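We have chain Y; now place chain W onto it with these hints.
Here is how the chains run, residue by residue.
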Amino acid sequence: MGRGYIVEDTVERYLSKLCEQAGPVTGLLIGQSSAQRDFVVMAIRTPQSEESTAGNSVDKELVSEHARQVSRMLPGGLSVLGVFIITDTDVKDTLTTLRQLVFAVENLISSERLWNPADDEVTDSVMLHVNTKTRKTVCRTFDVKDPKSTAKPADWKYQSGVCSSWATVSCCLNVNLLVPLPHDKTSAENMAECLKEGLKVWAHQIESGVCLIDGKKLPEDSELIAGQRRNVRQMFTAQLLITSKDQRLPDVVQLCGGSVSVRGAIHSRAFLHSNKPKAKLAEKLLKRDVVSTVASRVQMLLEEENQSGDKQQTEQLCLPRRVFCPVKVNGPVCVCDYQFSDEGLAEVIDRLKEMLDIDAAEEDLDTRQEMTAEVTESSDTAEPAVELAEASEPKKNNYIGVAMATAVALLATAASMLYLSDA
Amino acid sequence: MVVVDSDSEIILRVKGPLELKCQLDTSDAQLMQKVISRTFESLRSQVKSESCVLAVCDSPVFIWPNRGALATPEEITPNAPCEDLQQWIQTDDQDSAGKRSAKKKSKRSSSASVINLGLMMEVTQPGPLSAPILSKTVQKSHFLTTTLPMDCVVCTSCGDAIKDACERLLEALTHQLCDMEKVTLQHMRGPTVLVPEVLHFLLPEPKGLVTVVYPAGVSDSQLEAQRKELHQQFELPDDRPYFRRANAYHFPNEPYKDGYLRNPHVVLTHPTLDNGKVYLVQGIYSYHHYMQDRMDDNGWGCAYRSLQTICSWFQQQGYVERSVPTHKEIQQALVDVGDKQTSFVGSCQWIGSIEVQAVLNQLLGITSKIMFVSQGSELASKGRELANHFLTEGTPIMIGGGVLAHTILGVTWSETTGQIRYLILDPHYTGAEDLQLITDKGWCGWKGPDFWDQTAYYNLCLPQKPKVI
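Sequences listed follow chains Y and W, in order. Each residue of the first sequence is one higher than the one before, counting from 1 in my numbering. Each residue of the second sequence is one higher than the one before, counting from 1001 in my numbering.
To be clear, the hints were calculated from the coordinates, so they are not data collected in a lab. Bear in mind the structure is a predicted one, so any value in this text is a computation, not a measurement. Each residue gets a CB set at the ideal place from its N, CA and C atoms; glycine is no exception. Keep in mind that a hint or two might mislead.
[Said to hold, decoys possible] Computed cross-link-like contacts, DSS-like style, restricted to lysine-lysine with a CA-CA straight-line distance of at most 25 Å: (1) W:1441 - W:1467; (2) W:1048 - Y:216; (3) Y:17 - Y:353; (4) W:1257 - Y:245; (5) Y:216 - Y:157; (6) W:1447 - W:1369; (7) Y:157 - Y:200; (8) W:1015 - Y:245; (9) Y:217 - W:1163; (10) Y:145 - Y:284; (11) W:1163 - Y:245; (12) Y:216 - Y:276; (13) Y:245 - W:1182; (14) W:1034 - W:1182; (15) Y:216 - Y:245; (16) W:1140 - Y:196; (17) Y:217 - W:1015; (18) Y:216 - W:1015; (19) W:1369 - W:1340; (20) W:1382 - W:1277; (21) W:1034 - W:1140; (22) Y:216 - W:1382; (23) W:1328 - W:1340; (24) W:1277 - W:1015; (25) W:1048 - W:1015; (26) Y:17 - Y:157; (27) Y:92 - Y:145; (28) Y:145 - Y:280; (29) Y:284 - Y:136; (30) W:1048 - Y:217; (31) Y:278 - Y:216; (32) Y:276 - Y:157; (33) W:1163 - W:1015.
[Said to hold, decoys possible] Here are a few chain W residues that sit away from chain Y, every Cβ distance over 12 Å (derived from the structure): (34) 1157; (35) 1202; (36) 1252; (37) 1254; (38) 1261; (39) 1345; (40) 1441.
Excised from the complex, chain Y in its bound form (with noise of 0.2 Å):
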């Protein structure tokens, strides 16, 4: 019994576009899986390097570090599925590749999440073969929980309109963490991983925490979406209680070498298939979605910290913030990307195009759901800080009053659109 891939048209139109250019291209194939069935949204093309080897041997880091990249990109719900690849190869002749490939993209994912999958979710990763010569698509899947495991047939069938009536749950949160920097070491490693350790207790209090959907704690086991509004696009608005871990170190004082923390707020948003969706899977993407966005965040910061080379004693980084852009088909499914406070638009349409082959223009772009950050002047460093201070601090916020109007009016509409749903 093989699984079933539900795939969007415009991912037959982009894989026969692809069939025109020379040479064998691989690339990733981005959905959302449930019990029952798969849904493919998007393929994108593993972009060429620039010492790619001609010829037709598969890239294998090329392809993971891609799948690593795109992974940030995408928010709650959607994840890379798979791979594609074609090319005019006999099936017979890639599959032990193919199957190389798709162990090797699900291993670097999973090493950077910060969560672990669940007992009873899907661990089967898709392989679509195109030959070129024949147009004869083949569909396996393996199970990458298993290194043993070997490929078994799925089903692929295109539709339309997939993903027009997914639903959509978001919440803007606060993020206050405050680690101790070890007494004795203070390189830039030690603070990635205090950071790392902190983000994991983080973590733990955001996924044990309580969720609220529109106001409600709902049963684990109800549905989302109740009764007809089946085919209607539905949007959410999730609230998360945490709290503090209790815990009883028997050194209250340690000996420190400074400290890190990371105050500020994020935009966070998951999708779910319209395929009778639980309120439980609606709090399990979201909260993934929570953990996994400043925890990129923070790692790309890292990033570019080690590349710039500055180590100043005390100083302070703005995160980049969330920028939006829907996905061309029929539906509310986004992906996203982030934009460094010392970067334009510019550059987020090159790394939309670069990253997920998407054409978008600025006015595409939604840039309403975070402020950037700004460094102020006044912020004083012996100040002790409280996990989950009150969010309405004014220092770091210069468009309060804009942050204000903007409140009343997006709370106007889920009003209304709570209003529409009950009529």
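Quick look at chain W alone, frame taken from chain Y:
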């Protein structure tokens, strides 16, 4: 135990950890105090902010106390009475399978009901807001990380509005943070910082439940000055403890971790005699009996078990800190005082009231009076002495005679007719901690004078309360 008008009082208890984290320079004590005070101030603002949420345990109810008691589900309004919250709480013995409705009626117990709430923080809010900033401070210093175990109690009546109860809970939380700040700063010694701990004590009416913050890890013996202050503040007599850790109030719905039954006699109906008055043990004891603690002492250990019951009383009233002694420890104590040979330890030998007295003295520092009756029939005439004992000392009595030992927990005695009944706790029970069974079958029950062997002699050990706080 708690004597409360069961239909009108509700205890609201909010618990939750609050993280206390800050970077400190421990070389400068004054600066350290300032930083810690500032951190506490942030925590107070946090608790008073709109992000603070009270979650009603075992229910889908969440209340924002600083937003006018806004709550979810929306059926709960700020002016609704507190008792409405109880309908949403799911208790264990309800069938939750297959039922879609979230509303469930909860069973009322005979004492004041407790509604447990958890302290949570909402981390989401309407956006957009600015993206995060990473701040790095490189400076060799210290870092303080601990968790404050917030635990506040508010007694209110069923009909009080949820909004008002929340305001009081908020006040209690803020006040507790101040108390914790005081305790933390008071007990700071250089780089050592003690964590506060919270205990509730039930004082005699009308004072009711009182919350005290102590420094964790500091023993009761070192906190006598604080207790003196508290005794003065609450105008309590200074000859018996009220504020030792062992005196902490045990909430009705919390199970005891050790699994022993407490005060099984309270579920009994006391006998009515002409002009009879009931004189009972005062305070809390645990029921110790044969076969407990995987110790098979069936047939010989009854006096040991009675002694354990008495020791549990002294521990739970706060007179001693040591735990209830095992059979071996009891036997060793008797060897240590020279009453028995070393071969006694590990044996299955019986002990009597004199040995009980000796062990209480040796292990707990408690003195006891011995009462002797030459035949069981005389016990019927000891009403006055026994009544007096329960009035002035209120400790359980061990009675040994013939080959049996029992514990007397009280008497019902009529001064005019001389009629008497004895409340007996029987250590010969070998079953499980089943309150229903124990009381139904009379393992804890009222007995008449014919309970005693009328011709055997009996020794009674009457432990005396020390006059300390």
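* To do: Would you mind confirming whether the straight-line C-alpha gap from residue 1048 (chain W) to residue 216 (chain Y) stays at or under 25 Å?
  => The hint holds at about 23 Å.
* residue 1034 (chain W) paired with residue 1182 (chain W) [C-alpha distance capped at 25 Å] -> Given pair residue 1034 (chain W), residue 1182 (chain W) holds - Cα atoms ~12 Å apart, limit 25 Å.
* Sort out whether residue 280 (chain Y) lies within 25 Å of residue 145 (chain Y), counting only the CA atoms. => 23 Å, holds
* **Straight-line alpha-carbon gap residue 145 (chain Y) to residue 284 (chain Y), limit 25 Å** => 20 Å, holds
* Asked: Given the hinted pair residue 17 (chain Y) and residue 353 (chain Y), is their alpha-carbon gap at most 25 Å?
  -> 16 Å, holds
* Find the nearest Cβ of chain Y to the Cβ of residue 1252 (chain W) and say whether that gap is larger than 12 Å. => 24 Å, holds
* Between residue 92 (chain Y) and residue 145 (chain Y), does the CA-CA distance stay at or below 25 Å? -> Holds. Residue 92 (chain Y) to residue 145 (chain Y) sits at ~23 Å (cutoff 25 Å).
* Examine each Cβ of chain Y, and state whether all of them lie more than 12 Å from the Cβ of residue 1345 (chain W). => 36 Å, holds
* Between residue 17 (chain Y) and residue 157 (chain Y), does the CA-CA distance stay at or below 25 Å? -> With Cα atoms ~18 Å apart, residue 17 (chain Y) and residue 157 (chain Y) stay inside 25 Å; holds.
* With a cut-off of 25 Å on the C-alpha distance, tell me whether residue 216 (chain Y) and residue 1382 (chain W) pass. => 65 Å, violated
* Going straight from one Cα to the other, do residue 1034 (chain W) and residue 1140 (chain W) come out at no more than 25 Å? -> This hinted pair holds, its Cα atoms lying about 18 Å apart.
* Asked: When you check the alpha-carbon spacing of residue 1447 (chain W) and residue 1369 (chain W), does it fall within 25 Å?
  -> 23 Å, holds
The structure shown violates the earlier hints numbered 1, 5, 7, 11, 22, 24 and 29.
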